[in-house]
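Since the structure of chain D is already known, use the hints to place chains C and Z on it.
Protein chains in written order, with this note's numbering: chain D, 1 to 442; chain C, 443 to 884; chain Z, 885 to 1326.
One or more of the hints may lead you astray.
Going by beta-carbon spacing under 7 Å, a handful of chain C positions derived as facing chain D [unchecked claim]:
#1 Thr676
#2 Gly689
#3 Pro734
#4 Gly829
#5 Gly833
Simulated from the structure, these hints should not be mistaken for lab results.
Backbone N, C-alpha and C define an ideal beta-carbon position, used for all residues, glycine too.
The lines below spell out each chain.
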Amino acid sequence: MLSIGCVRARFAKHIAILILVDACVSSLGFFFFGYAFGFGDGKDQSPSGAAMGGAPGLTTMDGNPFVGTHFFALHDMTPMLFASWLFQWSFAATACTIVSGAIAERAKFEAYICYSFFMASWVYPVIVHSVWTSTGIFSMSRTTPANLLFNSGAIDFAGSGAVHMVGGLAAASGCYILGPRIGRYNADGTANNMPGHNTSLFILGVMILWFGWYGFNPGSQQMITNGNSMAVSTAAIATTLAAGSGGLSALVTRAIVSKVTTGVMVYDVMVMGNGVLAGLVAITAPCAVVWPWAAIIIGLVAGVIYTFASIVSIMVRLDDPLDAIAVHAWNGIWGVLSVGLFASRELIFNSYGISPQTNDIRPYGCFMGGGGLLLASQVVYALWIIGWVLGNMIPFWLILNALGHFRVPANVETIGLDDSYHGGSAYPGGPEEETDKSLGGQ
Amino acid sequence: MLSIGCVRARFAKHIAILILVDACVSSLGFFFFGYAFGFGDGKDQSPSGAAMGGAPGLTTMDGNPFVGTHFFALHDMTPMLFASWLFQWSFAATACTIVSGAIAERAKFEAYICYSFFMASWVYPVIVHSVWTSTGIFSMSRTTPANLLFNSGAIDFAGSGAVHMVGGLAAASGCYILGPRIGRYNADGTANNMPGHNTSLFILGVMILWFGWYGFNPGSQQMITNGNSMAVSTAAIATTLAAGSGGLSALVTRAIVSKVTTGVMVYDVMVMGNGVLAGLVAITAPCAVVWPWAAIIIGLVAGVIYTFASIVSIMVRLDDPLDAIAVHAWNGIWGVLSVGLFASRELIFNSYGISPQTNDIRPYGCFMGGGGLLLASQVVYALWIIGWVLGNMIPFWLILNALGHFRVPANVETIGLDDSYHGGSAYPGGPEEETDKSLGGQ
Amino acid sequence: MLSIGCVRARFAKHIAILILVDACVSSLGFFFFGYAFGFGDGKDQSPSGAAMGGAPGLTTMDGNPFVGTHFFALHDMTPMLFASWLFQWSFAATACTIVSGAIAERAKFEAYICYSFFMASWVYPVIVHSVWTSTGIFSMSRTTPANLLFNSGAIDFAGSGAVHMVGGLAAASGCYILGPRIGRYNADGTANNMPGHNTSLFILGVMILWFGWYGFNPGSQQMITNGNSMAVSTAAIATTLAAGSGGLSALVTRAIVSKVTTGVMVYDVMVMGNGVLAGLVAITAPCAVVWPWAAIIIGLVAGVIYTFASIVSIMVRLDDPLDAIAVHAWNGIWGVLSVGLFASRELIFNSYGISPQTNDIRPYGCFMGGGGLLLASQVVYALWIIGWVLGNMIPFWLILNALGHFRVPANVETIGLDDSYHGGSAYPGGPEEETDKSLGGQ
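Isolated chain D (complex conformation):
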């Protein structure tokens, strides 16, 4: 979470404020409600077994496939599980924070507080419950009852879907409803560049994020039952290779695109940085169940997807200065699907064991000869995320908008932006004033 915080903060500085709000609000929201909806499936724990992760150690399960019903404000929870809360919160805060870039410079401060609470307390936890708990309807480790989706269940190791698709789709819907910044698009549909970013600090942020990702991907080991050091090692190397190949692939793809469209070969390092992030997002779901060569392919494809998704965003007039949608939403989907293509028989067995339903080997990636059942599960899981997130967030943004609490007035937006370059401010105390300080006061 912090790592994401870093990259955003450095990239467009005033986003730092939204990140801080995210961290504060999501910690309370996830404490009072989020963890309960996500993981509150049982009410009786054996302290010994429950030491490590979430559900496996619970002795009495009364969960339903949709949502948890215990542990509001961590009530009745053994302190042994508190560390699990912290780890899960870091994922929740990451999902929240993806949106900050896509709606910055024109959304109200209050709107962001509401959004952050809604996301951490309800939207995100329901997705997590469906795939990472032993009662979740799409879970690989479902035991109550033990009927897995397509005899497989969906694999989302560290959250390409649960974290990045959720955040990316929330960003897309919010960004669309909020509309572009004033002056971003011309009447004829062409776009004006609104940079004002510090490229090199962005690159630095990418490096910090890359490093932080090792906490998410290999760190997610603790959430699965049969895992071991082999899964951690596999996840670590896959993460590295997907990041590297994603960056190079995006760099080359963009150079070719610009050669074709403008005749000049351009090496755009911003694109390279986002390509690294795209590779990281895509490998998040499959990192523990694919071989290194597959991680390189997934990264290469992620870089290409990012480049074209970014062009699509401009074509549909989404004003997403950080390309959060192209990075997180599109490559989140690619990451979830790539599991169905490349997951290896041995690595799935290593992490998840045999299927409790058939007492046989589980389905694996269709390019690896494992049939289509795993891919089918991943597709259903991806559709479920799209439906749930858009189904919740679109009404949420529309209501906020209808009540007049979403977008700042046009004159404030204009003055705020003008003032950015003149060192004063007409808008007391909100993000705009802070932007002024950070630009003017430097």
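What follows is chains C and Z alone, placed relative to chain D:
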């Protein structure tokens, strides 16, 4: 320590230099003297038992209640304990570095070197010895002799008192004796704003600090005898919730204050960031012995205390640009006292076991029904820190001042500040010149 | 690696781009070739024994003393060893990235990609193989065959030689062949200052690096056979003390030099920061085998060496804005040699056990009464690195230069630098354009 370094460096850039001095000087000071005064209680170790922390593994104790007398320059120490030195040094360097913000822009470089050595070698270690060793007079785990203060001893889990009160009070005394920057206060007592800071980088620093705190609070587990993973988990969640609630509470408190005094509702993100830090400082002492709900209350109160303490600083004409005094000194005191109010019977038992004196349960928080003995211990401990730090630092600053080595001459201060915007400098090589570079060269 | 990335990125911002290229290219180069050349000595592993590090767990060894021949693209490698790849890659990327500072602002983007691949795939791995594997010709833990160099082998615990000398010498050769930036040196041999750096961010970077070093030095524990927590502790404390004493020593040395040459006492914090780095580089080789007092001496000497090496760089007209050569090359050599002077009998025994050849205690530092055999090994090892790196890199840079792919045209260099202050650019997409954005867009 590094994290603290980060936040300060980003907030007011030239402070980075003082931080570097802190790190270098304190490492040598704590090596030659500090560790010995703080932890040098025995001279014979069984390597097996001494593997983890400090005092418990020593087989022959000849310590006195005031100060350690062995291990100068780590002489006679088994290499097994070297890791303990590193961990303790990170706390010592943190305590040192709190002062840097409060006296910057007008103190001499040489003065800061002297201060840093004095702090790391003597002032800080004596406090630490009194509360974190088995011979210390206020220690919970006192065994030689085993008579605890009020049959309880004071709890300062990760240093609200030993680190933050010490640093904050040293900052307060130094800042007062040094006087405000030229032009900071008018003759009629009103204050001029002297911002020049980069708000967003400050926020980023807060996030890095928040993250780093998990190394201090849950990491302090290794210093107590009976602790286990339950204490680590409790500390981690308490740290998170206190930070979040501290930030929100400071934001709201300040908005109400500004509404009352000026009629305009202002959301000040700087205040929010410092509120997060205030919550972190306050939870540092009680983190392992309070339930999550109590951590939220402690954080909420910390945010309020910070907001008003910051106003008090201006009223008494302290020129403390980073609000180090309001954050560290005031909330350090609050953190120490909060233990006496909210410490839970179960969690104290988990971390410290029964009392060796009475073979019965130890006193716990008075709001939890545990009587006043623990609170009384905490009050005595807080008074001891105030007396010791001010009793050492006030003479130290005064002597430095009398010898003319504390404050730069007024013309240098003025020229230095002017030059900041003109890219030159009349003051060769000290902090002022570096400030010029960082502002002019950007 | 990331830490190095940080310091460089902050210091001269456009270097961030080269760092990102380094990370991406080196991850693929080290995956396909580098790890194999460095560590590919066996082809049959027992998964149990191989869990931790590299060679010790291999059951069938068919390595040669020069280079590994297996595991290209990690083929045939057990996933258990994947974590070892990641750790080794972080060292390889560090070695690569040292060069970025020395050739920035005038080298072509394509040249840097080629260099990065060549370094990570071939130059660096061969050195590593020679000293860190059980077949390497200079290795302490050589077992196949078990004839050690001078009955000792060279000690390079965490890479003063393998990482820092390699990177520093590659930087020196590249910097020399590339020539100084236009305008850096006058016809009469005097140098013009070309700062434009942000001093305080540099200091911050030093602090981050200092912190990151604990991952390299104590973390290297996993690479040796008989090590234990004692070696980790020793390495951690030595790292701290060498950094602190290196910083203070460089500060004082420079002050004296400037007093002698100009008559004014100057405290240069840039020098202090680089002195910290110099101390860290020097302690990297001996950190686990020297006592704390020796670490202080090594750091003090490192600060002096850095100060004079930096003056030498200017005298021979090397244009090395980050002083990478003075920090990494010179102090890398000092670090390697210092092992032969100060290595302690007990600590060598603790980390490496007895010699398999003589069944007796191994040679140790000559100042410690251990004779000259270890020092002789270190000298031979240092000469081998110098010969190998210069023998590979000088032809590489010359060929690149002859093909016209090394240096950007003079007009682009001039326009690029001018444009930095005017917000436009004539050079599409390369490092220069990015520099413009980062300066003009701020």
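Going through the numbered hints above, which ones does this structure break? Give me the numbers in ascending order. 4, 5
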